[in-house]
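Residue numbers (the numbering used here), protein chains in the order written: chain A, 10 to 432; chain B, 11 to 161.
Hint data in this document are derived by calculation from the structure and do not stem from the laboratory. It is possible that part of the hints are untrue.
Said to hold, decoys possible - Partial list, derived from the structure: chain B residues whose beta carbon lies under 10 Å from chain A:
{"id": "1", "residue": "S12"}
{"id": "2", "residue": "E13"}
{"id": "3", "residue": "L17"}
{"id": "4", "residue": "Y18"}
{"id": "5", "residue": "M21"}
{"id": "6", "residue": "S26"}
{"id": "7", "residue": "S27"}
{"id": "8", "residue": "C49"}
{"id": "9", "residue": "G50"}
{"id": "10", "residue": "K78"}
Claimed, not checked - Derived contacts from chain B toward chain A, CB cut-off under 7 Å, selection only:
{"id": "11", "residue": "L14"}
{"id": "12", "residue": "Y45"}
{"id": "13", "residue": "S72"}
What the hints assert, rightly or not - Derived DSBU-like pairs: lysine-lysine, alpha-carbon spacing no greater than 30 Å straight-line:
{"id": "14", "chain 1": "A", "residue 1": "K48", "chain 2": "B", "residue 2": "K138"}
{"id": "15", "chain 1": "A", "residue 1": "K426", "chain 2": "B", "residue 2": "K52"}
{"id": "16", "chain 1": "A", "residue 1": "K192", "chain 2": "A", "residue 2": "K265"}
{"id": "17", "chain 1": "B", "residue 1": "K34", "chain 2": "B", "residue 2": "K58"}
{"id": "18", "chain 1": "B", "residue 1": "K34", "chain 2": "B", "residue 2": "K138"}
{"id": "19", "chain 1": "A", "residue 1": "K185", "chain 2": "A", "residue 2": "K265"}
{"id": "20", "chain 1": "B", "residue 1": "K138", "chain 2": "A", "residue 2": "K426"}
{"id": "21", "chain 1": "A", "residue 1": "K265", "chain 2": "A", "residue 2": "K240"}
{"id": "22", "chain 1": "A", "residue 1": "K44", "chain 2": "B", "residue 2": "K138"}
{"id": "23", "chain 1": "B", "residue 1": "K93", "chain 2": "B", "residue 2": "K58"}
{"id": "24", "chain 1": "B", "residue 1": "K34", "chain 2": "B", "residue 2": "K89"}
{"id": "25", "chain 1": "B", "residue 1": "K138", "chain 2": "A", "residue 2": "K422"}
{"id": "26", "chain 1": "B", "residue 1": "K120", "chain 2": "B", "residue 2": "K93"}
{"id": "27", "chain 1": "B", "residue 1": "K120", "chain 2": "B", "residue 2": "K52"}
Quick caveat: nothing in here was measured; it's all calculated off a predicted structure. Note that beta-carbon positions come from the ideal geometry of N, C-alpha and C, so glycine has one too.
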Amino acid sequence: MTTANPRANENASGKAAGAFDVARIREDFPILKEKVHGKPLVYLDNAATSQKPRVVLDALEHYYTTENANVHRGVHYLSQQATQDYEAARGKIRQLLNASDDREIILVRGTTEGINLVAQSYGRQNIGEGDEIIISAMEHHSYIVHWQILCQERGAHLRVIPMNDDGELLMDEYEKLLGPRTKLVSIVHLSNSLGTINPVEQIIEMAHGRGVPVLIDGAQSTPHMTIDVHKMDCDFFVFSGHKLYGPTGIGALYGKADLLESMPPYQSGGDMIKSVTFEKTIYNSLPYKFEAGTPNIGGAIGLGAAIDYINGIGMDRMAAYEHELLEYGTERLSTISGLRLIGTAREKADVLSFVLRDIHPHDIGTILDSEGIAIRTGHHCTQPVMDRFSIPATARASLAFYNTREDIDALVKGIDKVIEVFS
Amino acid sequence: MSELQELYQEMVLDHSSRPRNYRKLEGEHHSLEGYNPLCGDKYTVYLKVNAGVITDIGFQGSGCAISKASTSMMTESVKGRDKEEVQEIFDLFHQMITRNPESDFEPDEKLGDLEILSGVAEFPVRVKCAVLSWHTLQAALEGRDGMVSTE
Ligand SMILES: Cc1ncc(COP(=O)(O)O)c(C=O)c1O
Numbered sequence: 010m011t012t013a014n015p016r017a018n019e020n021a022s023g024k025a026a027g028a029f030d031v032a033r034i035r036e037d038f039p040i041l042k043e044k045v046h047g048k049p050l051v052y053l054d055n056a057a058t059s060q061k062p063r064v065v066l067d068a069l070e071h072y073y074t075t076e077n078a079n080v081h082r083g084v085h086y087l088s089q090q091a092t093q094d095y096e097a098a099r100g101k102i103r104q105l106l107n108a109s110d111d112r113e114i115i116l117v118r119g120t121t122e123g124i125n126l127v128a129q130s131y132g133r134q135n136i137g138e139g140d141e142i143i144i145s146a147m148e149h150h151s152y153i154v155h156w157q158i159l160c161q162e163r164g165a166h167l168r169v170i171p172m173n174d175d176g177e178l179l180m181d182e183y184e185k186l187l188g189p190r191t192k193l194v195s196i197v198h199l200s201n202s203l204g205t206i207n208p209v210e211q212i213i214e215m216a217h218g219r220g221v222p223v224l225i226d227g228a229q230s231t232p233h234m235t236i237d238v239h240k241m242d243c244d245f246f247v248f249s250g251h252k253l254y255g256p257t258g259i260g261a262l263y264g265k266a267d268l269l270e271s272m273p274p275y276q277s278g279g280d281m282i283k284s285v286t287f288e289k290t291i292y293n294s295l296p297y298k299f300e301a302g303t304p305n306i307g308g309a310i311g312l313g314a315a316i317d318y319i320n321g322i323g324m325d326r327m328a329a330y331e332h333e334l335l336e337y338g339t340e341r342l343s344t345i346s347g348l349r350l351i352g353t354a355r356e357k358a359d360v361l362s363f364v365l366r367d368i369h370p371h372d373i374g375t376i377l378d379s380e381g382i383a384i385r386t387g388h389h390c391t392q393p394v395m396d397r398f399s400i401p402a403t404a405r406a407s408l409a410f411y412n413t414r415e416d417i418d419a420l421v422k423g424i425d426k427v428i429e430v431f432s
Numbered sequence: 011m012s013e014l015q016e017l018y019q020e021m022v023l024d025h026s027s028r029p030r031n032y033r034k035l036e037g038e039h040h041s042l043e044g045y046n047p048l049c050g051d052k053y054t055v056y057l058k059v060n061a062g063v064i065t066d067i068g069f070q071g072s073g074c075a076i077s078k079a080s081t082s083m084m085t086e087s088v089k090g091r092d093k094e095e096v097q098e099i100f101d102l103f104h105q106m107i108t109r110n111p112e113s114d115f116e117p118d119e120k121l122g123d124l125e126i127l128s129g130v131a132e133f134p135v136r137v138k139c140a141v142l143s144w145h146t147l148q149a150a151l152e153g154r155d156g157m158v159s160t161e
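Pulled out of the complex, with its shape left as it was, chain A reads as follows (with noise of 0.2 Å):
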């Protein structure tokens, strides 16, 4: 297995410096060209899931047509080749997240399975009647359920962090809730419903303090900023393919090689097993302990040719333009009056949530759709979000670095003709 130096290709890619060429970056992603009722597309729905550059539609198309064969179980030319680059693929991911090891990078269909495998393997083995799991009032849904169903399984209890009203972590009360009971952290690093990024470091620094693991769901985080698994110090990292411009079906779980060695299998099937007899199984070494099954091998290869991808431009660089295209979309959203952004942290990426006078969400959507803009309305799977907020729901933008400042301008056009609509 590979441990050179995770950021030795860095500078290979040919990064220049100098100003983002948004409208170059814009011909690599087909769908953008794509017209919705007669109206060239505005795509600001990221978060949601993100478009993909022609060159993982194009590693697809290869995969499929070149080299179509199952993984880990062939002798002959192509599953060879599938296996090479199913694997590095996972190299691509281990060099992503800065993890030092290919053993510590599960293959996973996406957050919601990675979350689950840690829910399932690690939450039923070490969490126990009157344990306590902590989590922050901007979790996605999909967690708050693991984690109830598992404090209901086990007896244990969940606590949550609360948050100002920008959205940010109240860490005096993260403080105060960690505590002898604590046997997990679970906190989502940049939130889909408010953008608000979470100081992970510090959260984690405090957990570890008591000896306590810490899972950070980098659905969000992974497209929008640099993730360093080893900086951060986390014990679990997961996030979506289909979110970092790559195929659905496809993510990946980070954990520390010897939590995962000392967790139980999470699923059964096959290349998870190194030996059956009716007596006994051996389970196979990491990451294969975890993956049963013929893995999704086009989707991987995929999620590959993105990151290598997303290394041509630079996650920094993409962050950066991002960030001024925030800032750019709070200016201008803040001088319609009547729109409220739900969620203005200091520590901010790529989310525009906003209430608009009292026009539900679900009408503002269709109206811009009507436009060819594409946000999402509702509640965004956090519904304790909205509850805090004393929302039913909210209308969110959210941002890509093929997201032009001309995208926002069609987005203020198009909330002017919601209020004309209303008005």
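Position chain B with the ligand against the provided structure of chain A, taking the given hints into account.
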């Protein structure tokens, strides 16, 4: 008229901003809550039934313009009707908003004002908004308790 203007007609917006029968009923009545977890629309329908006939109806809650206007119009349309008539109107209403929008449409006169919601047919994702309270009403008429959900 554009599809959008047809959906958000003046009368629809009027019903949503000044909903009719927007009140809780006094005295003995039946009530049931309807909820669309996808968009957070939530309405309680209050109902008085005498000898099978709806003698009074009111509602309260929050949601999008379509769901609120639809609920408001529903309360006006079903007062004084029995369960079978309500079913018949709902069926006509449902057919109207789920029809192929390209096809010719002749509204049945039993629909009355409900016809102004015919523009929903152009917006399939909004059908749920328009039928939420109808489902709640149906369940209430069947004597069900608890909450009705679209999901
Ligand atoms: C913060 C966060 N966590 C988890 C998820 C679930 O991701 P997936 O549906 O890809 O498993 C999402 C996606 O909406 C998210 O935004």
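We went through each hint and held it up to the structure:
1. S12: Holds, about 8 Å.
2. E13: holds, 7 Å
3. L17: holds, 7 Å
4. Y18: holds, 5 Å
5. M21: This interface hint is violated because 14 Å lies over the 10 Å limit.
6. S26: holds, 9 Å
7. S27: Given a least distance of 8 Å, the restraint on S27 of chain B holds.
8. C49: Holds. Min distance 5 Å.
9. G50: The hint holds - G50 of chain B has a Cβ within 10 Å of chain A, the shortest such distance being about 3 Å.
10. K78: It holds, given that the least Cβ distance between K78 of chain B and chain A is near 8 Å, below 10 Å.
11. L14: holds, 5 Å
12. Y45: The hint is violated - Y45 of chain B has no Cβ within 7 Å of chain A, the shortest such distance being about 10 Å.
13. S72: Because about 6 Å separates S72 of chain B from the closest Cβ in chain A, which is inside the 7 Å limit, the hint holds.
14. A:K48 to B:K138: Status holds; Cα separation ~26 Å.
15. A:K426 to B:K52: Answer holds: K426 of chain A to K52 of chain B is near 26 Å, not above 30 Å.
16. A:K192 to A:K265: holds, 16 Å
17. B:K34 to B:K58: holds, 11 Å
18. B:K34 to B:K138: holds, 24 Å
19. A:K185 to A:K265: Answer holds: K185 of chain A to K265 of chain A is near 27 Å, not above 30 Å.
20. B:K138 to A:K426: holds, 24 Å
21. A:K265 to A:K240: holds, 13 Å
22. A:K44 to B:K138: holds, 26 Å
23. B:K93 to B:K58: Between K93 of chain B and K58 of chain B the Cα gap is close to 12 Å, so the pair holds against 30 Å.
24. B:K34 to B:K89: holds, 15 Å
25. B:K138 to A:K422: holds, 28 Å
26. B:K120 to B:K93: Given pair K120 of chain B, K93 of chain B holds - Cα atoms ~15 Å apart, limit 30 Å.
27. B:K120 to B:K52: holds, 27 Å
Violated hints for the displayed structure, listed by number in ascending order: 5 and 12.
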